[in-house]
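First to last, the sequence lines map onto chains A and B.
Take 281 as the starting number for the first sequence in our numbering and just add one per residue.
Take 24 as the starting number for the second sequence in our numbering and just add one per residue.
Hint data in this document are derived by calculation from the structure and do not stem from the laboratory.
Since the structure is predicted, the reported quantities are computational estimates derived from the model, not experimental observations.
Be aware that one or more of the hints could be misleading.
In silico EDC-like links for lysine to aspartate or glutamate, alpha-carbon gap of 20 Å or less [what the hints assert, rightly or not]:
1. A:K381 x B:E82
2. B:K64 x A:E368
3. A:K329 x B:D121
4. A:K349 x A:E368
5. A:K381 x B:E75
6. B:K64 x A:D288
7. B:K65 x A:D365
8. A:K381 x B:E86
9. B:K65 x A:E346
10. A:K381 x B:D121
11. B:K64 x A:D365
12. B:K87 x B:D111
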Amino acid sequence: AQSVTQLDSQVPVFEEAPVELRCNYSSSVSVYLFWYVQYPNQGLQLLLKYLSGSTLVESINGFEAEFNKSQTSFHLRKPSVHISDTAEYFCAVTRNTGGFKTIFGAGTRLFVKA
Amino acid sequence: GAVVSQHPSRVICKSGTSVKIECRSLDFQATTMFWYRQFPKKSLMLMATSNEGSKATYEQGVEKDKFLINHASLTLSTLTVTSAHPEDSSFYICSARDLGTKDTGELFFGEGSRLTVL
Numbered sequence: 281a282q283s284v285t286q287l288d289s290q291v292p293v294f295e296e297a298p299v300e301l302r303c304n305y306s307s308s309v310s311v312y313l314f315w316y317v318q319y320p321n322q323g324l325q326l327l328l329k330y331l332s333g334s335t336l337v338e339s340i341n342g343f344e345a346e347f348n349k350s351q352t353s354f355h356l357r358k359p360s361v362h363i364s365d366t367a368e369y370f371c372a373v374t375r376n377t378g379g380f381k382t383i384f385g386a387g388t389r390l391f392v393k394a
Numbered sequence: 024g025a026v027v028s029q030h031p032s033r034v035i036c037k038s039g040t041s042v043k044i045e046c047r048s049l050d051f052q053a054t055t056m057f058w059y060r061q062f063p064k065k066s067l068m069l070m071a072t073s074n075e076g077s078k079a080t081y082e083q084g085v086e087k088d089k090f091l092i093n094h095a096s097l098t099l100s101t102l103t104v105t106s107a108h109p110e111d112s113s114f115y116i117c118s119a120r121d122l123g124t125k126d127t128g129e130l131f132f133g134e135g136s137r138l139t140v141l
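Please take these sequences and the hints and turn them into a complete structure.
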């Protein structure tokens with residue numbers, strides 16, 4: 281079985297400061313890794329994903345995440361945040377060998393202050 | 024990316040009534056859809072996996088007679104909350120994977136439906 285741990289429930293940060301949202305996972309099989317973002321009263325949107333290949337993946341709005349197999353981590357980073365990045369961020373894993381279930385972490389509330 | 028549409032976005036009903044929420048895949052065929060429930064400031068809890076043409080698979084602790092799921096076509100799954108009570112008030116979100124050749128494990132989410140039971 282898979283599990284996902286997001287260590288920080290809330291991360292307050294000032295605008296233009298860097299931020300890291302932590303995610304650790306456990307799985308006995310190979311997985312795909314995802315970060316989803318949720319704005320208030322909306323569904324989730326994919327931010328970025330790791331399937332294979334380069335361990336560093338990037339999104340179009342400046343976020344990046346690095347897959348670290350030895351530490352079973354997939355931390356999300358952004359060098360300079362904006363007010364508009366305020367949202368809930370979910371780390372998720374899906375088995376890549378079938379079964380199709382996606383397991384989500386508890387979420388991290390990123391709050392960007394002016 | 025693939026688009027999933029969910030309706031209604033908000034619904035208020037009286038205790039004891041039933042409410043149906045629809046989830047549609049607009050530009051791909053979704054043989055499998057997932058229904059999640061999200062409590063305030065909490066993560067998503069998988070309720071059930073909806074399979075086209077067969078019975079849904081419910082997660083442990085989810086009452087299948089309470090939350091009826093029907094997946095009658097490749098583009099539509101419905102969740103019916105029967106005899107709703109105030110404790111059923113929540114944000115319900117559906118999602119689907121495009122299991123065709125483009126499948127990358129990514130889930131495509133509906134906009135969510137906020138149910139309030141008075």
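Okay, the hints, checked on the actual structure:
1. A:K381 x B:E82: This hinted pair holds, its Cα atoms lying about 11 Å apart.
2. B:K64 x A:E368: 9 Å, holds
3. A:K329 x B:D121: Holds, at roughly 15 Å.
4. A:K349 x A:E368: Distance of about 25 Å is beyond 20 Å: violated.
5. A:K381 x B:E75: 16 Å, holds
6. B:K64 x A:D288: Satisfied, since the Cα-Cα distance of roughly 13 Å is no more than 20 Å.
7. B:K65 x A:D365: 19 Å, holds
8. A:K381 x B:E86: The hint holds at about 19 Å.
9. B:K65 x A:E346: Outside the cut-off at roughly 25 Å; violated.
10. A:K381 x B:D121: Within the cut-off at roughly 13 Å; holds.
11. B:K64 x A:D365: Roughly 17 Å separates the two Cα atoms, so the pair holds.
12. B:K87 x B:D111: Holds: K87 of chain B and D111 of chain B sit about 14 Å apart, inside 20 Å.
Violation of the numbered hints given earlier is confined to hints 4, 9; the remaining hints are satisfied by the structure.
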